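S.K.: Here the protein sequences line up with chains A and B, keeping their order.
The numbers in our numbering rise by one with no breaks, and the one at position 90 of the first sequence is 90.
The numbers in our numbering rise by one with no breaks, and the one at position 378 of the second sequence is 378.
None of these hints come from the bench; they were simulated from the model.
Note that the structure is a prediction, hence the values are computed from the model and not measured.
Among the hints, a few may not be true.
Identical copies go unnamed one by one, so any copy, or any two together, can satisfy a pair.
[Stated by the list, open to error] With a cut-off of at most 25 angstroms between alpha-carbon atoms, the simulated BS3-like pairs for lysine-lysine come out as follows:
#, residue 1, residue 2
1, Lys349, Lys131
2, Lys185, Lys591
3, Lys335, Lys602
4, Lys42, Lys245
5, Lys245, Lys335
6, Lys425, Lys185
7, Lys602, Lys591
8, Lys468, Lys335
9, Lys482, Lys602
There are 2 protein chains.
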Amino acid sequence: MRRTVHQLAVSTLALGAFAMVARSDEGMWLVNEPPRELLKAKYGFDLTEPWLQKAMLASVRFNSGGSGGFVSADGLIITNHHIGAESLQKLSPPGKDYYRNGYYAKTRADELKCPDLELNVLQEIIDVTDKVNAVVKTEMKPADAFAARRKVMADIEKESLDQTKLRSDVVTLYQGGAYHLYRYKKYTDVRLVMSPEVGVAGFGGDVDNFEYPRFNLDVCFFRAYENERPLKVQHFFQWSMTGPKQDELVFVTGHPGTTNRLETYEKLRHRRDVTLPYTLARLRALEAALAQFGERDPQYHQWAATDHHRAANSRKAFSGQYQGLLDSQVMNRKKADEAELTTWNGEGKPPVTLVQARRAFTQIADAQKVVAEFEREWALLERGDAFYSELFVVARQLIRLRDELPKPSSDRLREYRDSNLESLKFQLFSPAPIHAELERAKLTASLTWLAENLGGQHPVVVQVLVGKSPASRAVDLVAGSKLADVAERKRLFDDAKALDASTDPMIVLAKAIDEAARKLRKRYEIEFEEVERQGFGAISRWRFEKLGRGVAPDATFTLRLAFGVVKGYDVDGESLPFHTTFGGAFERAEKQGHRDPFVLPKSWMDRKAKLDLSTPFNFVSTADTIGGNSGSPVLNRAGELVGINFDRNRHGLVRNFVYTEVQARHIAVHSAAVIEALTKVYDCPNLVAELKDAKAGD
Amino acid sequence: MRRTVHQLAVSTLALGAFAMVARSDEGMWLVNEPPRELLKAKYGFDLTEPWLQKAMLASVRFNSGGSGGFVSADGLIITNHHIGAESLQKLSPPGKDYYRNGYYAKTRADELKCPDLELNVLQEIIDVTDKVNAVVKTEMKPADAFAARRKVMADIEKESLDQTKLRSDVVTLYQGGAYHLYRYKKYTDVRLVMSPEVGVAGFGGDVDNFEYPRFNLDVCFFRAYENERPLKVQHFFQWSMTGPKQDELVFVTGHPGTTNRLETYEKLRHRRDVTLPYTLARLRALEAALAQFGERDPQYHQWAATDHHRAANSRKAFSGQYQGLLDSQVMNRKKADEAELTTWNGEGKPPVTLVQARRAFTQIADAQKVVAEFEREWALLERGDAFYSELFVVARQLIRLRDELPKPSSDRLREYRDSNLESLKFQLFSPAPIHAELERAKLTASLTWLAENLGGQHPVVVQVLVGKSPASRAVDLVAGSKLADVAERKRLFDDAKALDASTDPMIVLAKAIDEAARKLRKRYEIEFEEVERQGFGAISRWRFEKLGRGVAPDATFTLRLAFGVVKGYDVDGESLPFHTTFGGAFERAEKQGHRDPFVLPKSWMDRKAKLDLSTPFNFVSTADTIGGNSGSPVLNRAGELVGINFDRNRHGLVRNFVYTEVQARHIAVHSAAVIEALTKVYDCPNLVAELKDAKAGD
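Kindly generate the complete structure, drawing on both the sequences and the hints.
M.R.: Take a look at the structure:
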């Protein structure tokens with residue numbers, strides 16, 4: 001069963017069935033099932049094994065939710081400023097604000113160790129589909145099927161971990177159509193090297209988010225360490241000093257988070273009519289609470305910055321998705337695709353697979369009705385929408401660890417499996433500060449949201465609020481909890497009796513609702529997820545019969561390879577160029593009256609005369625990306641880094657559901673922009689030298 | 001039946017039954033049923049007829065939703081900046097922003113006529129309860145009762161209008177326990193005299209809204225004109241140069257909008273669990289859309305300013321209400337009050353009234369269940385939550401005017417009754433600009449809200465969106481409509497055939513949904529409002545038996561008199577003084593780093609040295625106010641104006657449901673602050689002289 005990337009890549013050729021004519025640049029491809037034929041046919045590009053190996057081994061996953069890449073043999077990593085943001089914030093000592101004002105370590109000794117940043121570097125992928133599927137028998141009840149699958153996945157992971165010492169995750173692909181084991185090297189000593197100010201990294205703020213033309217130096221440098229020394233890496237991306245040209249073929253490697261392209265019409269309808277309205281209303285409530293909190297005081301503003309950015313970014317992304325799902329063109333296309341799939345004559349393929357696929361569409365539709373009954377309660381209590389608080393997360397982890405660890409690994413709630421424990425504890429015992437005022441604001445907002453959704457008389461609401469308003473209950477919970485102190489967390493983790501006896505109000509709360517939360521999780525997993533997974537498995541099998549692996553699986557926050565061409569587009573009669581320039585940034589700031597969020601940092605205003613204003617700043621390409629691709633290296637044919645992906649335009653927001661390349665683009669920082677800024681604005685000769693000299697090793 | 005204020009005031013004495021001991025300062029009292037005995041007993045104050053007459057005739061209602069008062073014999077009026085805001089915005093020519101930068105008419109010729117501001121001055125109140133109740137027979141079906149009541153009210157109003165030429169409104173008091181006819185003089189030639197900058201009028205913005213200590217010059221001066229000349233008024237408030245002292249008795253006259261204190265426990269529960277969560281989610285969506293729109297461009301920011309302020313203000317007020325209703329103390333107090341009322345032995349009062357009252361509580365509870373089934377659709381389609389657009393309002397008015405005017409006045413939808421037509425047309429044909437970009441943003445937000453609430457497949461959503469996303473549908477609707485042009489509105493109003501044939505997309509939309517909207521309105525009026533009104537009528541009758549008129553009716557945006565004492569309060573162990581000072585404003589700006597919304601205008605920073613920094617700025621009192629009281633004159637025993645009410649503190653947000661005076665306060669601009677600022681910051685000698693010299697006439 002075990003195959004290397006190389007073997008898998010070759011075997012993919014046999015899957016055939018690509019419609020080669022006029023194929024779009026769609027696809028977040030598995031690195032073990034890459035689009036070799038497509039690239040050869042459309043772009044005359046030979047995707048070689050060494051090229052792929054480097055792409056994989058030099059790509060970095062930020063476990064906090066982003067991508068990046070090695071750019072020197074000394075473990076130097078580039079990502080987006082907005083991916084580094086959380087660490088920038090946690091690293092800022094009182095009175096400093098690295099997120100806002102930037103940071104530069106002049107020497108290695110000045111590089112700052114992030115309190116809880118974990119990076120993963122993929123080493124190997126192994127197809128374990130047959131092994132997983134073998135344990136699930138058709139006659140099994142959903143609960144048994146779910147348990148059997150969870151067990152076999154945990155066993156595979158545990159075995160792999162014991163064998164290789166590598167982080168080992170079984171990833172569900174095609175919503176249940178395939179299972180691959182991913183093995184990662186893991187780095188938890190990661191240090192901040194350099195970051196620009198948020199004013200230029202996030203220039204244009206929420207206004208320009210998901211827009212183009214853009215002018216953002218959305219980059220940030222970290223360095224991985226091992227045994228207190230900079231990590232020596234064999235594979236890294238050489239820095240391109242010229243960047244990409246018009247119409248040039250480029251590649252994006254990274255970790256797209258979630259797409260929904262293989263979901264059924266009925267599931268998308270549920271998403272549109274149930275899930276998204278709830279999600280949007282929730283995000284608005286959180287965003288408003290964070291904005292209002294930040295307005296109260298400059299210090300609060302600093303503390304709330306990344307939470308606020310995250311909420312605003314999600315809100316804008318989900319709003320775009322929602323608008324897209326109300327566009328009948330999108331939904332009609334989905335309907336037509338399904339009709340095509342379920343009326344295909346099969347060309348001799350097993351008709352039983354078609355029958356199963358057809359039935360699966362109905363099963364998935366029914367599952368939406370089932371989940372509609374308790375989805376909201378599940379989201380509030382189990383996903384934690386009601387408890388938007390780091391202290392609560394700590395409290396829940398502690399009591400669940402107490403309850404789960406005595407069980408065999410394969411019977412635990414999945415996140416407590418042995419192979420995940422190290423990462424989980426790394427987060428749980430993070431020394432990053434927790435600010436009581438921010439906790440209060442977030443908890444007030446989310447407890448209010450709980451009551452708004454379930455009503456003031458719902459038993460859970462009564463139990464949680466104990467007769468108080470959400471605002472005053474939040475005051476009590478935060479003021480009474482000692483969980484901000486890591487030593488207290490360790491004490492309660494080590495001493496089950498102390499945990500049992502704890503009167504910490506956050507612990508008491510987490511305990512009080514845990515039974516209800518677990519019940520909801522069980523229903524969600526068995527009555528909904530398991531049914532969907534079996535349904536999608538059946539549909540995927542039929543799709544493979546028709547298209548082979550000619551359609552990439554939906555994104556799963558695992559390493560993917562996308563490709564496209566660098567080119568501008570027309571909008572409202574205007575032709576937008578494929579790249580912007582430094583000069584454009586100053587013009588936009590000027591035109592917007594230098595008001596927030598269009599205030600370029602003082603460093604830029606002061607050095608304007610020194611800068612080459614024609615330096616390309618941001619560029620766009622048709623490559624297929626989504627959230628999670630933030631910080632993704634953009635590579636040229638030679639495998640050099642020509643850019644760092646940081647956003648999509650608004651036309652690309654619908655890419656969760658359908659790929660389009662007429663106007664949809666991802667947006668990247670141009671490699672030349674980084675060099676020009678590091679040289680002339682930030683005076684980072686060492687860093688520039690490290691990037692320029694990084695030529696060996698691959 | 002007709003009684004003047006004087007006669008009624010005297011007759012009130014006969015109602016008796018006041019519990020005189022330790023009575024709080026609760027009450028937004030009817031000016032024809034004033035709390036004479038209470039004031040005499042608690043404060044030794046004789047509420048004389050001339051005092052009351054002046055309070056009534058010098059108080060002004062801003063029909064756009066606020067209060068004010070005459071302060072000179074030449075029709076000079078003071079109100080809040082945030083009440084004048086909409087006019088300031090509409091009056092600003094391109095390139096100017098009076099809302100932001102203020103305005104001062106050095107001469108009367110410079111006073112700017114507001115495009116659509118209507119002021120009302122109450123002249124007389126007549127109790128018509130018996131007349132209204134006489135037409136509603138117990139055996140009537142709700143639909144007939146509703147129609148009969150609507151008819152008699154319209155007839156009374158029409159008769160009064162014909163007879164007196166005064167604006168005549170029958171006001172429903174005690175949720176149906178009493179009906180009074182209000183006669184107003186109406187002024188539609190209202191001119192802007194002076195306004196400070198929003199930076200000092202709204203200093204602290206959303207952060208400080210509903211907070212104290214405060215530092216706001218939230219005032220604005222207008223002048224009423226008649227026949228192109230300043231209105232000569234006999235009754236106006238003399239300006240107090242000293243303002244109020246600690247513990248001084250003060251009065252507030254104004255137009256509180258809505259309170260819910262006499263609502264039943266079950267109705268409040270419905271409010272908490274159904275109405276408020278919907279309202280809060282909606283306000284967040286609108287506020288976010290307006291904030292995001294305003295961020296895009298300084299011009300957009302200006303256009304969206306008052307809509308944005310209104311949404312934020314409502315959001316904060318409703319949030320406070322919601323928190324209050326989740327506080328079990330508030331709800332338990334309500335329950336106890338009801339128990340007391342329904343278990344009172346009656347002391348010989350008619351037991352049939354008690355029986356009716358008890359039954360009424362059940363009827364009202366049932367009505368909540370009924371309305372829950374269609375409240376959301378009603379709010380979206382009939383109240384217009386789905387169509388947050390001035391162009392849509394115009395379109396609906398045009399088609400409803402066409403449909404309603406041919407009917408007898410008393411059979412029309414209430415707002416189209418003859419006695420209201422003039423005011424309605426004054427708004428409909430307002431020449432105030434309508435900005436397409438703002439319309440698009442608002443319509444996008446509200447159409448999105450429509451879809452989120454009803455789902456993408458709801459027939460109304462399908463009908464309204466015609467297969468497009470809300471955003472692109474909004475583009476089409478706004479771009480295609482000519483209703484921003486007043487001439488076009490007049491053409492379609494005058495020519496029914498042209499209106500029938502119109503292909504203006506906004507007209508077509510308003511027509512398309514009108515049948516559904518009217519159906520919902522009918523259900524709402526008959527199945528819900530009528531049932532509630534009869535129920536509350538019965539409860540009120542029983543309450544009158546027990547307490548007489550010792551409890552004031554809930555607020556109805558009609559003139560009320562409140563009273564209280566000027567005093568500070570303790571919060572979190574800190575004693576807050578009864579007034580702040582100019583010096584405090586500069587200190588707060590400094591402490592907040594002079595960042596938005598804590599940026600004092602340049603005019604203030606430049607004149608700081610000239611100002612007496614010990615000048616009292618804002619003060620608080622226990623008087624009972626609510627939204628709608630904005631701009632209310634605050635008077636001393638002599639009937640002089642000592643302040644202008646502009647806000648409550650957060651402890652007062654729960655006053656919608658219960659009065660409390662431990663910490664709850666209303667907040668007013670101190671009269672001395674206005675004089676000091678007009679003199680030393682704004683160089684308005686004429687205005688100051690007019691205020692100082694205004695001694696005659698009353």
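S.K.: Would you pick out the hints that fail for this structure and give their numbers low to high?
M.R.: Structure breaks hints 2, 3, 5, 9.
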